[in-house]
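Positions 1 to 252 (UniProt numbering) are the ones given, in order, by the sequence shown.
No lab work stands behind these hints: they were computed from the structure.
The model shown is predicted, which means the values in this text are computed figures rather than measured ones.
A hint or two may mislead.
[To be verified] Per label pair, the in silico range of CB-to-CB distance: (1) Val169 x Ser67: 19 to 25 Å; (2) Thr21 x Tyr161: 41 to 47 Å; (3) Ser73 x Thr218: 20 to 26 Å; (4) Gly81 x Asp5: 21 to 27 Å; (5) Asp5 x Met141: 23 to 29 Å; (6) Arg201 x Ser67: 28 to 34 Å; (7) Val169 x Asn45: 35 to 41 Å; (8) Met131 x Asn200: 32 to 38 Å; (9) Thr21 x Thr146: 16 to 22 Å; (10) Gly147 x Val213: 16 to 22 Å; (11) Asn44 x Asp198: 30 to 36 Å; (12) Asp198 x Thr168: 14 to 20 Å.
Ideal placement from N, C-alpha and C gives every residue a C-beta, glycine not left out.
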Amino acid sequence: SSAFDNRMNESVDLYQDNDYTVQISSTYSLLKDAQKVSIWIDLNNNGLFETGTESILLAAAMGNGFSTNFSLSIPANAGLGLHRMRAQLVRAQPSDPCNANHTDGYAETHDYSVNVLQGYCIPAAGDGCSMGAAINDFILMGERGTGINDTSTGCVGASAYDNRRKETVLLYTGIQYVVQISSLSSGGVSVAIWIDFDDNRIFAVNEAVLNTVTLNGTGRNHFQITIPSNAQPGGHRMRVKLQYSIYNPRVG
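Model the full assembly from the supplied sequences, consistent with the hints where possible.
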């Protein structure tokens with residue numbers, strides 16, 4: 001047997017800059033050898049699976065004979081459209097997308113299709129570091145001991161964008177919370193906060209939980225936000241944007 005199965009007719013839609021869970025199981029039940037699973041996506045469609053830039057899961061160990069869950073992250077700059085994804089399981093050998101040793105009967109490779117969809121917009125680059133237009137502190141304490149406690153983060157540089165989506169907080173619908181925000185600027189800056197409650201990758205005007213407010217000095221300013229009582233439960237992305245007041249923070 002070739003131990004290779006081309007299943008490109010099976011496709012899945014995935015968003016840029018998003019996390020997913022993949023479940024993999026094996027029929028190999030002997031416990032003496034460790035099995036490793038790797039997944040690549042040919043994001044630039046050049047016919048190669050490039051380790052480092054296109055390996056979204058590399059040589060991850062799985063329980064022999066059992067189903068195992070793994071976390072995958074799709075890069076924010078992944079090319080839109082259809083790509084080939086390769087999943088490979090090997091036993092006690094290096095993971096290689098094109099040179100797995102299938103001859104010993106302990107390796108198998110499957111190919112699938114992935115359709116990468118547009119993720120969240122990334123704000124236009126603008127460096128306000130020299131004038132202090134940067135979020136220095138952002139604190140939002142939630143339920144069950146959760147919270148975002150970003151302090152003294154300073155300016156992120158020329159991109160003026162910092163993707164900190166790994167930091168999460170649990171909030172209840174219909175409840176009001178206090179958010180603390182500070183800037184490196186002594187005045188003249190405003191801030192706004194949106195939460196994408198419908199997960200459509202757009203921060204709509206009606207999803208603003210803090211409309212444009214002006215910060216006072218470089219100390220921590222306290223504001224109240226309310227999670228709508230009809231907000232959809234589950235994980236959502238929140239965006240905080242600070243800008244000079246003459247412009248008013250907008251999503252883009």
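For each hint, the structure was consulted:
One distance hint, 19 to 25 Å for the beta-carbon pair Val169 and Ser67, is violated here, with the actual separation near 31 Å. About 26 Å separates the C-beta atoms of Thr21 and Tyr161, a value inconsistent with the hinted range of 41 to 47 Å. Evaluation of the 20 to 26 Å hint for Ser73 and Thr218 yields a failure: the beta carbon distance comes to about 35 Å. For the hinted restraint 21 to 27 Å between Gly81 and Asp5, the CB-CB distance of approximately 23 Å keeps it satisfied.
In this structure the supplied range 23 to 29 Å is violated for Asp5 paired with Met141, their Cβ-Cβ distance being about 49 Å. For the pair Arg201 and Ser67, the beta carbons lie near 30 Å from each other, so the given range of 28 to 34 Å is met. For Val169 and Asn45, the Cβ-Cβ distance of about 38 Å falls inside the hinted range of 35 to 41 Å, so the restraint holds. Against the hinted window of 32 to 38 Å, the Cβ-Cβ separation of Met131 and Asn200 comes to about 34 Å, which satisfies the hint.
Range check, Thr21 to Thr146: about 20 Å between beta-carbon atoms, so the 16 to 22 Å window is met. In this structure, Gly147 and Val213 meet the distance hint of 16 to 22 Å, their C-beta atoms being roughly 21 Å apart. In this structure, Asn44 and Asp198 meet the distance hint of 30 to 36 Å, their C-beta atoms being roughly 31 Å apart. Judged by the Cβ atoms, the range 14 to 20 Å given for Asp198 and Thr168 holds: they are separated by roughly 18 Å.
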